[in-house]
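Novice: Top line first, the protein sequences correspond to chains X and H.
If you read the first sequence in the numbering used here, its first letter stands for residue 1, the second for the next number, and so on.
If you read the second sequence in the numbering used here, its first letter stands for residue 1, the second for the next number, and so on.
Please note that the accuracy of each hint is not assured.
[Unchecked claim] Derived lysine-lysine pairs resembling DSBU-like cross-links, with alpha carbons at most 35 angstroms apart:
(1) Lys153(H) x Lys145(X)
(2) Lys139(X) x Lys64(X)
(3) Lys69(X) x Lys291(H)
(4) Lys153(H) x Lys118(X)
(5) Lys353(H) x Lys28(X)
(6) Lys255(H) x Lys64(X)
(7) Lys171(X) x Lys41(X)
(8) Lys89(X) x Lys249(H)
(9) Lys28(X) x Lys120(H)
(10) Lys255(H) x Lys89(X)
(11) Lys187(X) x Lys47(X)
(12) Lys100(X) x Lys236(H)
(13) Lys88(X) x Lys249(H)
(14) Lys171(X) x Lys236(H)
(15) Lys136(X) x Lys333(H)
(16) Lys108(X) x Lys236(H)
(17) Lys291(H) x Lys94(X)
(18) Lys200(H) x Lys100(X)
(19) Lys28(X) x Lys236(H)
(20) Lys120(H) x Lys47(X)
Quick caveat, the hints were computed from the structure, so don't treat them as lab data.
Residue strings, one per chain:
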Amino acid sequence: MKKIILFVSALLVLFASVANAHGPVRQKAEEKITINAPAAKVWEIIKNYGDMSWHPGIMSTTVKGDNTKGAVRVLTLKDGSTITEELKKYDEAKMSYAYKITDMSSSKTITHAGAEEKVPALPVNDYAASIELADKGGKTEAVWKAGYYRAYMNNNPPEEMNEEAANTAVKAVLETGLLNLKKLAEK
Amino acid sequence: MFLVNYCRTSSRLAGGIHAILGDRHASSRLASGIHTILGDKAVAIFIATAFLSTPLAAQPFAYISNQLGDNVSVIDTATGSVVDTIAVPGKPAGIAVAPDGNKVYVSTPEAKGFAVVDTKKHEVIAKVTVNDGTLGIAVAPDGKRIYVADWYKNTVSAIDADSLQIIKTIGVGESPSGLVVSPDNRWLYVANRISNSVSKIDLNTLTVKQTAQVGTHPFGLTIDGRGERIYVANVKSDDVTVVETARMKPIATVKVNMLPYATALALNDSRLLVTNQDDGSVSVIDTETLKEIALITVGTKPEGISTHPDDRHVYVANWFDGNVSVIDARTLKVIDTIITGEGSRAFGQFMGK
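Bound-form chain H, shown alone (with noise of 0.2 angstroms):
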C-alpha cells in the first residue's frame, strides 16, 4: 500500500515540477530533495503542484491492449497518435481506466491476474495474482475497487484498489467476461458467455441478487448514464438484448451482425455502438427506437469499444488489424484510423477521462 502511494505522490510531484520548471533533470533532483525532507513544506507544495499539474494532464488518453504484442498503446486523443507503448507481460486482454486516470487496470490471462499501469509514468507498477482466466475487468466509479472476473473459475473478485487485495470472490455464471459497474456504485453486471445470462451483484453484501436471461452467449455490456438499462452483445445470436436493470427483465433484443462483441453508448445515451467483429463493422442502434440505423464499415474482427469524454467519438479496437478507427457518432462516419500493435482487444472501458 505505502509503496504504490509513494510512486503515485512522486511521479504527479515530478510532473508538477517538470511543468514549471521545464527541466526533466532538475525536476527529478528535486522531487528525490522533497522526499528526503518530508515536513510540512513539501506536502503544500505537492498539493500545489499537483493542481497545476493537472490541467496539463487532462488530455484524455486511450489505453488499447495489444493481446498479442504483449504491451499497451497509449493514445493520445488530441492529436490521434500514440504517444507512448507500455511493455505489458501476460498478454493484455481487458481494460479498466481508474476514474481518476492515474491508472489502468490491464487483465492479463497469462500472468493470472492484472496490472496495475500508472498512467504518468507509463510502467506497470503492481501486478496482482488472482486466478488463472482473467479477462473481463472494470474499476468502481469511486476507484476504490477493482473486479476481475474469471473465465474458468465462474467467479468475480473484488479488489481494494488501495491494498490490492481480494476482499471477496463471488460465484457467477459460466465463463464470466463483460462487467459494468453502475453509476451509483451500487451494482455490478456480468455478462456469462455460457449461462446465456447477466448476474446483478449487490455491492455492499457482494452477493449476487439476480439473474436475467439474455441471448446466447453474452460478451461485452455497457449501462447507460442513469443506470436504467444495460446493452449486452451476445456473440453466437448476433444480437444485443436490452435490460432493465430494476427488474433485471429484456425488455429487447436488437439484431445486429455477424458476432457483436461490445457495446458503448453515445449522444446522451441516444446511440448505442457495437463492434460486429466477423463482419468488420460496427452497428448504430437508436436507443429510443432500438432500431438499428447504420452499420458502419471499421477493420478486421473489431473488439473493444469506448466513448471518449466529449460523448461524441467512439474509439473501437481491431484486434487482426492492429489498429483502431474513430468513428464520430454524429456523422456516423470513421474519421480516423490509428495504428496500435499486434492484436488489439481493448476489451473493457479504455478511455480516460
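Bound-form chain X, shown alone (with noise of 0.2 angstroms):
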C-alpha cells in the first residue's frame, strides 16, 4: 500500500509539471467543390502529379518521375519555403491520386519552451492527401482530403504549431486550390 502511495505521489508530481500535456490527435480536412466543366477537362489541368501550376500558393513545381508512384515533386512557395511530396498512388481510370509530404523546409524558427523550433513551410506532420474528381451529369465533383497531425508531436505546442495553426494553413491551401481549379476549369 505504502508503495502504491509514493507511487501515486510521483505521478502526481509528473502531472504537475505536465498541465494541460496530452499525445497529439490526428486531424484531418476535406474539401468540395462542384465545377461547371467535364471531369475529362478539371483532370487535364491536375492531372500531372509534377505540375501544380494550377494552384495559386505554389510557385513553381520540380519532379523526379512521371505520374507513377515514387515520383518525387518539390514544390516552391512563395515566401521561398519547399515542401516536397512522394506520389503514392496514381488511378487515372478513378482520376484521383494521393501523396505525402516527405521534408519540408521551415518558414520561420521561433523560441518555446527555451528551445528553438522551427516552424515547417505546411504546420504539420505526417501529412498525406489525396484527390479526386468526379462526374456529375457533365459537372465535375472534385474532392481534396488531408490528414495530418500538428507541426510540434511533443506536448505543449506553441501557437504557431498547435492543431489550429495546422488546420486553419490545410484549409486554406485546399480551399484555394480548388477554387482557382474551377475558375481555370470554367474559363
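Each of the two chains sits in its own frame; use the hints to bring them together as a complex.
Specialist: Here it is as C-alpha cells:
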C-alpha cells in the first residue's frame, strides 16, 4: 500500500509538471467543390503530378519521375520555402492520386520552452492527402482530403505549431487550390 | 471498488427485471426497492434475473472510438446499425472490450488515461488517470487486469480491473502502441513503434522477458488462438512481421500495402487481415503460405480492425470517412458500411463477445 501511495504521489508530481499536456491527435481536412466543366477537362489541369501551377499558392514545381508511384515533386511556395511530396497512388481511371509530404523547409524559427523550433512551410507533421474527381452529369465534383498531425509532436505546442495552426493552414491550401481549379476549368 | 460493483449489479438487475416486465419505470422502481432491502431474497432474485437477462444481452456489439467526435459508437452487429453513441471526452482512441462484455475500456490521451464504459448503461462509470500518452489498451482474457501503454513515457501499466489501481508500471521500448495478451493469460506483447521491436512481458512477474526486432515502426498486432504467433503491422516498412512467440523470433515478413496499421485473424486463424491506412484497403494473407491473397478496397484511412465472434466477419474502422466496413472473410467482399462518427479509430479489440 505504501508503495502505491508513493507511486501515486510520484505520478502527481509528474502531472503537475506537464499540466494540460497530451499526445497529439490526428487531424483531418476535406474540401469539395462543384465545377461547371466536364471531369475530363478538369483532370487535364491536375493530372500531371509534376505540375502544380494550377494552385495559386505554389510558385514552381520540379519533379523526379512521372505519374507513377514513387515520383517526387518539390513545391516552392511564395515565400521561397519548399515542400517535398512523394506520389503514393495514381489512378487515371478514377481520376485520383494520393501523396505524402516527405520533407519541408522551415518558414521561420521560433523559441518555445527554451528551445529553438523550426516551423515547417506547412505547419503539419505526417501529412498525407488525396485528390479525386467525379463526373456529376457533365459537371465535376472535386474532393481534396488530407490527414495530418500538428507540427509540434511533443506536449504543450506553441501556437504556431498547434492543431489550430495546422487546420487553418491546411484548409487554406485546399480551399484556394480548389477555387482556382474551378476558375481555370470554367474559363 | 464498491461503487463500480454496485453500478454493475444495479444495471444487471434493472435489465433483467425490465426484460420480464417490459416496463422501464417498473423495473427501476423495483431495482431501487430491492437495493434498499438488500436481503438474501434480493440476492436470489439478482441471480435469477441475471441469468434471464443474459440471452437478451448476448448480441455482439462493436464499440468504435470516434476520436475527433469525443464519443464511442455502439454497433449492434445483428442489425448493422448504430444503437447508441456514448460521450467519452478526452479524444478516445484505443479500445478493449472486457471478456464478459459488461465493460469497455477506452484510452483517452487528452484525459491522460482511460475511461470505463458500462455497456448496459451506455455511459462512462469511471475515469482512470494513468499517464499523458495513453493509446494502446488491452484487457486480460479473465477480465481481471487492464494494460495501458504510454506513448511518451515508454511504459506499460498493469491495472487491477476491480480497484482500478495501478499494480505496476513496466518500462518497454520507445513509443509503445499496440498491446495483445496471450490466450492463456501468461504473456503480454507490446509493439514499440520507435524501437522497431516487440516486448514480451511475463504476466506473473510483470517484467520484460524478451524483445524481438521487427519491421520499421510496428503499431498494431494480434495473436493466434494457440498463442504461438503474433502478427505485427509495420507502418513504415509496409509489411507484417510474423513472430514465433516461443522463441520470440521473426519467422517471416509479408509485404502488404501502404501504411499497414493493425491486424486481425479470421476463419480459424487461416486468414490475416491488415488495414492499409494510406491505401484505403485491407490486405488478406493466407497464414499458411504467408502470401497476400486479396486486396479489398474499404474506406479512406482504415485503422482499427476486429473480428466478429462468428470468426467470419471482420470490422474495419475508416478514420477519414467516419464509418465501418464489414468484410466477409470467406467471400472477401465488403458486405456493409456503417456510419459511425468523426475520426473512427477503434485501435484495439473493439468487438464484444
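Novice: Looking at the structure, which of the earlier hints fail to hold?
Specialist: 20
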